[in-house]
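Trainee: The residues making up each chain are set out below.
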Amino acid sequence: MPRGMLGIEDLPRAEIEAILTRAKDFQPMQNHSFKRLDVLKGKMIVNLFYEASTRTRTSFEIAAKRLGADAISITAAGSSVSKGESLVDTLNTLAAMRPDAIVMRHAASGAPHFLARHLPTPIINAGDGTHEHPTQALLDARTILDQRPSLEGLRVAIIGDIIHSRVARSNIYLLSKFGVDIVLCGPAPLLPAELAGMAPGVRISHNIREAIRDADVIMMLRVQLERQHEAAFPAGEYFQFFGLRLEHLELARPNAIVMHPGPINRGREIASEVADSQVSVILNQVENGVAVRMAVLERILG
Amino acid sequence: MPKLLIRNGRVIDPANGRDEVADVLIRDGRIEAVGPGLSAGGAEILEAAGLVVAPGFIDMHAHLREPGFEHAETIETGCRAAAAGGFTSVCPMPNTAPVNDNPTVTRYIIERASRHACTNVFPVGAITAGSKGEALAEIGSMKQAGAVAISDDGLPVMNARVMRRAMETARSFGLPVIQHCEDLNLSAGGVMHEGMLSTRLGLRGIPGCAEDVIVARDILLAEDTGARYHVAHISTRRSLEMVAQAKAKGLAITCEATPHHISLSDATMPSYDSNYKMKPPLRSPEDVAAVADGIASGIVDAIATDHAPHPGSEKMQEFERCPFGIIGFETALGIALEVLYHSGKISLARLVALFTAGPAAILRLDRGTLSPGAAADVTIFDPERPWTYDLNKSLSKSRNSPYHGRTFRGGAAVTIVDGEVVWRRE
Numbered sequence: 004m005p006r007g008m009l010g011i012e013d014l015p016r017a018e019i020e021a022i023l024t025r026a027k028d029f030q031p032m033q034n035h036s037f038k039r040l041d042v043l044k045g046k047m048i049v050n051l052f053y054e055a056s057t058r059t060r061t062s063f064e065i066a067a068k069r070l071g072a073d074a075i076s077i078t079a080a081g082s083s084v085s086k087g088e089s090l091v092d093t094l095n096t097l098a099a100m101r102p103d104a105i106v107m108r109h110a111a112s113g114a115p116h117f118l119a120r121h122l123p124t125p126i127i128n129a130g131d132g133t134h135e136h137p138t139q140a141l142l143d144a145r146t147i148l149d150q151r152p153s154l155e156g157l158r159v160a161i162i163g164d165i166i167h168s169r170v171a172r173s174n175i176y177l178l179s180k181f182g183v184d185i186v187l188c189g190p191a192p193l194l195p196a197e198l199a200g201m202a203p204g205v206r207i208s209h210n211i212r213e214a215i216r217d218a219d220v221i222m223m224l225r226v227q228l229e230r231q232h233e234a235a236f237p238a239g240e241y242f243q244f245f246g247l248r249l250e251h252l253e254l255a256r257p258n259a260i261v262m263h264p265g266p267i268n269r270g271r272e273i274a275s276e277v278a279d280s281q282v283s284v285i286l287n288q289v290e291n292g293v294a295v296r297m298a299v300l301e302r303i304l305g
Numbered sequence: 451m452p453k454l455l456i457r458n459g460r461v462i463d464p465a466n467g468r469d470e471v472a473d474v475l476i477r478d479g480r481i482e483a484v485g486p487g488l489s490a491g492g493a494e495i496l497e498a499a500g501l502v503v504a505p506g507f508i509d510m511h512a513h514l515r516e517p518g519f520e521h522a523e524t525i526e527t528g529c530r531a532a533a534a535g536g537f538t539s540v541c542p543m544p545n546t547a548p549v550n551d552n553p554t555v556t557r558y559i560i561e562r563a564s565r566h567a568c569t570n571v572f573p574v575g576a577i578t579a580g581s582k583g584e585a586l587a588e589i590g591s592m593k594q595a596g597a598v599a600i601s602d603d604g605l606p607v608m609n610a611r612v613m614r615r616a617m618e619t620a621r622s623f624g625l626p627v628i629q630h631c632e633d634l635n636l637s638a639g640g641v642m643h644e645g646m647l648s649t650r651l652g653l654r655g656i657p658g659c660a661e662d663v664i665v666a667r668d669i670l671l672a673e674d675t676g677a678r679y680h681v682a683h684i685s686t687r688r689s690l691e692m693v694a695q696a697k698a699k700g701l702a703i704t705c706e707a708t709p710h711h712i713s714l715s716d717a718t719m720p721s722y723d724s725n726y727k728m729k730p731p732l733r734s735p736e737d738v739a740a741v742a743d744g745i746a747s748g749i750v751d752a753i754a755t756d757h758a759p760h761p762g763s764e765k766m767q768e769f770e771r772c773p774f775g776i777i778g779f780e781t782a783l784g785i786a787l788e789v790l791y792h793s794g795k796i797s798l799a800r801l802v803a804l805f806t807a808g809p810a811a812i813l814r815l816d817r818g819t820l821s822p823g824a825a826a827d828v829t830i831f832d833p834e835r836p837w838t839y840d841l842n843k844s845l846s847k848s849r850n851s852p853y854h855g856r857t858f859r860g861g862a863a864v865t866i867v868d869g870e871v872v873w874r875r876e
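Chains A and B supply the protein sequences, listed in that same order.
The first sequence begins at 4 in the working numbering and counts up one residue at a time.
The second sequence begins at 451 in the working numbering and counts up one residue at a time.
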């Protein structure tokens with residue numbers, strides 16, 4: 004078992020399959036009493052969030068607690084980080100308290116990789132900059148598998164600000180390992196040609212209708228205004244060319260599903276009618292967040 | 451002053467077209483004679499059989515961090531590290547605090563060097579006041595104080611009109627203009643070469659064209675002004691093509707390459723390792739090959755280290771937050787020998803020229819040669835002996851190098867400045 008989980012890129016397919024299978028056991032329908040398990044009793048997990056997060060941090064906390072672990076959450080504001088302590092010093096301090104794992108979110112790509120080189124503690128990447136968000140890709144795969152027998156042969160369209168998206172990168176790596184046909188779609192400045200070379204089976208389109216045609220899964224990405232350092236695309240035009248609307252859905256395969264990692268911007272990248280429709284599995288994704296993170300924590304710490 | 455006879459070495463002096471086994475006699479800090487079988491006449495003897503005896507190496511692009519950043523490096527420590535790399539002359543860039551944009555700072559650096567440096571120090575002055583890219587610095591006065599070139603290294607002059615005025619002024623004072631070619635709008639926020647790797651790693655890229663557009667613009671301005679113009683640390687295939695074209699046209703355009711840009715690419719750098727972060731960034735393998743080929747074909751005039759020390763407290767940070775730059779004095783010769791000479795790309799004489807006659811011609815220094823009467827700056831190196839770089843033993847104050855633990859074939863043996871041995875390998 005690897006020491007932590009830094010990304011999907013280097014995670015073997017068999018490992019992904021094992022996590023997804025185990026996550027099913029932790030889904031609410033399988034286990035409605037939510038009795039606390041004690042597989043991680045006595046373990047201590049530190050959630051270190053240098054970037055604001057609601058759903059990821061909460062679901063890691065719930066996952067840890069359901070497995071019987073002690074979880075404490077530290078956010079950058081109000082900790083020694085805001086007093087100018089460097090990342091290495093903060094982590095050395097935490098490591099000296101001997102947690103069994105550190106779950107970390109950071110605005111800088113590679114921050115958990117940098118720390119993993121200097122710390123013995125397993126580090127679970129809960130999103131690093133514009134690089135990876137491995138547990139999001141795992142929960143997205145779990146959500147797809149709740150609707151489809153397997154990932155093989157599916158066509159998945161990922162639409163939005165791909166270059167700034169860690170969710171997209173982790174999903175591309177994961178889906179590609181299962182032979183999924185992946186179409187990336189977005190404004191040209193946010194979708195450089197290099198992205199097509201990231202993994203086998205990836206192609207690029209700048210036309211949302213073309214991208215959605217025959218798709219089994221439509222993954223919408225949030226327009227990340229906080230990560231765009233320049234006006235790459237006029238905000239007023241975005242929804243017209245890349246926003247997902249009801250009329251697009253008829254181009255997709257029957258029973259196609261629409262996903263979004265949240266938080267959604269209604270009317271910016273996705274129409275309210277789509278977000279709230281039958282085809283949306285956005286809330287299933289949130290539910291699966293806890294189940295998948297339980298499987299990940301159990302695998303790394305159990 | 452005692453005499454020194456360097457005996458039986460392979461004397462390579464590109465400026466005089468010499469490459470033969472011979473002796474070099476030094477007296478009173480000057481080269482007295484070069485030739486086979488010189489009589490010692492009471493001189494101290496330095497046996498150099500099997501070694502190359504070359505003019506002292508000149509590093510025309512380095513950062514000594516003094517004044518202002520003495521926690522990273524000082525003139526004293528930097529020059530000691532330079533001597534250990536075989537360098538006898540170092541040209542510190544003006545991005546100190548205060549910026550070397552006036553003769554007081556220029557004289558301060560020269561004065562500190564005369565007391566604390568074991569090598570020669572030839573400062574590069576700023577192009578603009580504070581390197582802000584607006585008003586011109588005191589270029590004529592800095593030249594009088596001892597500056598050998600002007601550059602706003604690291605903060606390239608973005609305004610073409612200012613650059614044109616700087617070139618006109620530099621030409622009138624007989625100084626070359628050195629440009630760190632980077633369009634700051636194209637590179638904004640970038641931390642590594644823009645390409646497949648930056649895309650995978652989720653890091654913002656510095657595209658090759660950020661260098662190319664400034665090289666293109668400046669060559670046009672140099673043609674119009676007649677200035678001598680030098681491209682610092684050239685790193686892309688297209689920039690090399692443009693420099694080659696400008697040279698073919700007879701323009702006074704030169705360029706330098708760093709050891710890291712011929713030995714490391716973005717494809718081989720470990721993910722998020724800040725010891726691989728510098729500007730220009732490590733480019734694609736195609737660019738790396740193009741720079742080495744550019745050296746072989748004669749487009750590149752000099753090898754310069756861009757020695758850029760940073761303390762651990764600054765480098766040990768998230769990749770996108772740590773400063774740019776690596777140290778380079780002690781590894782430059784080892785890398786050049788490996789990539790250029792042992793690979794068969796160039797001769798030893800050409801390699802020596804890149805460290806001596808090449809930079810001396812660009813800066814119009816009366817160094818870089820073993821002509822009788824010249825200052826006795828001599829670099830003696832072993833082109834074959836394997837050695838392993840141990841950063842913990844570096845003479846630099848900083849430790850930011852990607853070459854720790856790397857074994858090189860060949861390196862400096864003895865460094866002589868003005869007739870004095872200032873460094874000798876153990």
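One should not assume that every hint holds.
Stated by the list, open to error - Simulated DEER-style distance windows between Cβ atoms:
| id | chain 1 | residue 1 | chain 2 | residue 2 | range |
| --- | --- | --- | --- | --- | --- |
| 1 | B | 666 | A | 47 | 31 to 39 Å |
| 2 | B | 608 | A | 6 | 54 to 62 Å |
| 3 | A | 99 | B | 666 | 30 to 38 Å |
| 4 | A | 99 | B | 594 | 56 to 64 Å |
| 5 | A | 99 | B | 870 | 46 to 54 Å |
| 6 | A | 199 | B | 736 | 17 to 25 Å |
As the list claims (entries may be wrong) - Sample of chain B residues with no beta-carbon within 10 Å of chain A, all distances over it, derived:
| id | residue |
| --- | --- |
| 7 | 649 |
| 8 | 697 |
| 9 | 721 |
| 10 | 761 |
It is worth saying that the hints were derived from the structure and are not from the lab.
Here the structure is a predicted model, which means the values were calculated and not measured.
A virtual CB, placed ideally from N, CA and C, is assigned to each residue, including glycine.
Trainee: All hints are to be evaluated individually against the structure, with a verdict given for each.
Mentor: To see whether the hints hold, each was checked on the structure:
no., hint, result
1, 666(B) x 47(A): 31 to 39 Å, "violated (58 Å)"
2, 608(B) x 6(A): 54 to 62 Å, "violated (46 Å)"
3, 99(A) x 666(B): 30 to 38 Å, "violated (54 Å)"
4, 99(A) x 594(B): 56 to 64 Å, "holds (58 Å)"
5, 99(A) x 870(B): 46 to 54 Å, "holds (50 Å)"
6, 199(A) x 736(B): 17 to 25 Å, "holds (19 Å)"
7, 649, "violated (4 Å)"
8, 697, "holds (33 Å)"
9, 721, "violated (6 Å)"
10, 761, "holds (12 Å)"
When each numbered hint is compared with the structure, violations occur for hints 1, 2, 3, 7, 9.
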